[in-house]
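There are 2 protein chains.
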Amino acid sequence: MVRRDHARNAELALLLEVAGTPKPGNVDRRRDHDDLRFEHFLAGAVGSAPGLRLAGGDGPIGEAFERAVAGMAEQRGGNTQFGALLVLVPLVRAASEGALSKGGVRRVCEATTVDDACTFYRAFEHVDVGVPDPPAGLEPLDVRRGSAAEPAIRERGLTLFDVLERSASVDGVAREWVEGFPRTFGAAERITASEGPAPDRAARVFLELLAAEPDTFVVKRRGPEAAREASARARAALDGETDPEALAEAFVAEGINPGTTADLTAGALFVALERGLPV
Amino acid sequence: MVRRDHARNAELALLLEVAGTPKPGNVDRRRDHDDLRFEHFLAGAVGSAPGLRLAGGDGPIGEAFERAVAGMAEQRGGNTQFGALLVLVPLVRAASEGALSKGGVRRVCEATTVDDACTFYRAFEHVDVGVPDPPAGLEPLDVRRGSAAEPAIRERGLTLFDVLERSASVDGVAREWVEGFPRTFGAAERITASEGPAPDRAARVFLELLAAEPDTFVVKRRGPEAAREASARARAALDGETDPEALAEAFVAEGINPGTTADLTAGALFVALERGLPV
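Going down the list, the sequences are from chains A and B.
Residues are numbered in the numbering used here as their position in the first sequence, beginning at 1, plus a constant of 24.
Residues are numbered in the numbering used here as their position in the second sequence, beginning at 1, plus a constant of 24.
Chain A extracted, bound-state conformation (with noise of 0.2 Å):
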């Protein structure tokens, strides 16, 4: 038996992801969005591995996520996993160095630098990603500038961690870095706890995630009543109360798209593998 390594384990954990259903609102095994589909998340995932065996390595953080982003981005879906990728790549480097826990991917998350939070920028131009306008005086801190940012970087000796900590309040990704991805962690137990086929486990733990908190990507798009109200629906599907296969029709028809729970999912999938998550 050949063991996957730390990045194979994280690639998988996109796989499983994107397999998982019903996943309501998102791109499953059974779901595709207009143009956005399933194949684009089979070749983000092999795309990404590169950059997720950096990750794994020790060099720099934020060059591992940029070349996964690159590499995410050779298909024609657009971002299928930028937030999963960015929740991997820290946790892909804390299991590199023995600490995968809270503590130990906090270390590497706030381990991060000027020169990191510059790439991360750079990942930008790979990928259209769904971001909100920064606040009023941010605007050279915009991320859709890529690296014509850098210098609002440098001038203000940014890291990594400090560029994700300012979005902290609205995104659920960036919030995981700050504060340990505790979210991810108390996932990736439940999934190890639950029984079934891993993608299976990874539906169930999505509701969850969902349901216990709104999705972040879901504020941005369509407002935080609509986030709320998502959050409530996945609560009832949890509770029996309507069908999973149902919400997700109808989340697909509505465009709402819980896509920093996927991200979350994914990542908790990988914690639940290097933990012996049975596939």
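Keep in mind the hints are simulated off the structure, nothing from the lab.
Idealized CB from N, CA, C, for every residue including glycine.
You may find that some hints are simply not true.
[What the hints assert, rightly or not] From chain B, some residues computed to sit far from chain A (all C-beta separations above 12 Å):
1) Pro164
2) Gly170
3) Gly204
[Unchecked claim] Computed footprint of chain B on chain A, listed as stretches where at least three residues anywhere in the stretch have a Cβ under 8 Å from a Cβ of chain B:
4) 31-44
5) 53-67
6) 70-82
7) 96-102
8) 213-223
Dock chain B against chain A, hints included.
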């Protein structure tokens, strides 16, 4: 844009193959078998990647294959992609030599050595591959003996090409090895020339391959008559006389599993990806 290298195209080919649906009788995006599920193929593809990377290098082909199989086997479904890897490994090597053509891959196959044959036999130790009993007198060369067959291989001076040549009449993948992969390249051309999402093209070419020739894996499991009938039913589905989805349900229910046809489909997807098939 970061271009996928040959090994990653091969890995993606494995993923696109299993995503294509309906592929009657096989695990696909919509169907699982009882103990062999979609996620086993995902893990098999990811696990095979280090071996595929060796195939893209310049070390022994047999070792690349054995390593790919060992990694593939790191999941609980059993044999997911043994035959597909036997198709892909020489194709990846030919591509890495800039000679992805019938002549190029035939040269790769003919250049295999006795050592390659021995490591090929070792690959059977990693996973339970469905093979029939060897002909009378050839028991010492039964692949199921694994490395125990090494003395018999060396005594006879058999290369991997020689080994496969001996089963070319009963095994569709071995026949490709001996003949320069004519069906694989033909299918790749049809994939490239067709339209639509890559998994849909894969499903179509799977039916075409099956309609054109009986699947040797079905022959081994169910006999030549059942295999001929399966091909006739694939032809009827292609001709619009029956619904391919219904055929998929029927084949799964009847235990008709055209695995060799799926192996060639994976090879054809690889060649098509190398030639620019968009995903």
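Hints and how they fare:
With 12 Å as the threshold on Cβ separation, the claim that Pro164(B) sits away from chain A holds: the shortest Cβ distance comes to roughly 28 Å. For Gly170(B), the non-interface assignment is confirmed: its Cβ lies about 15 Å from the closest Cβ of chain A, beyond the 12 Å cut-off. No Cβ of chain A approaches the Cβ of Gly204(B) within 12 Å, the least distance being about 27 Å, so the stated non-interface status holds. Look at the stretch 31-44 of chain A against chain B: 6 of its residues bring a Cβ nearer than 8 Å to a Cβ of that chain, three or more, so the hint holds.
With 8 residues having a Cβ less than 8 Å from any Cβ of chain B, the stretch 53-67 of chain A passes the three-residue criterion, so the hint holds. Coverage of the stretch 70-82 of chain A by chain B holds [criterion: at least 3 residues with CB-CB distance below 8 Å; count 4]. Counting residues of the stretch 96-102 of chain A whose beta carbon lies closer than 8 Å to any beta carbon of chain B gives 4, which meets the minimum of three for the stated coverage. Only when three residues or more bring their CB closer than 8 Å to a CB of chain B does the claim for the stretch 213-223 of chain A stand; here the count is 3, and the claim holds.
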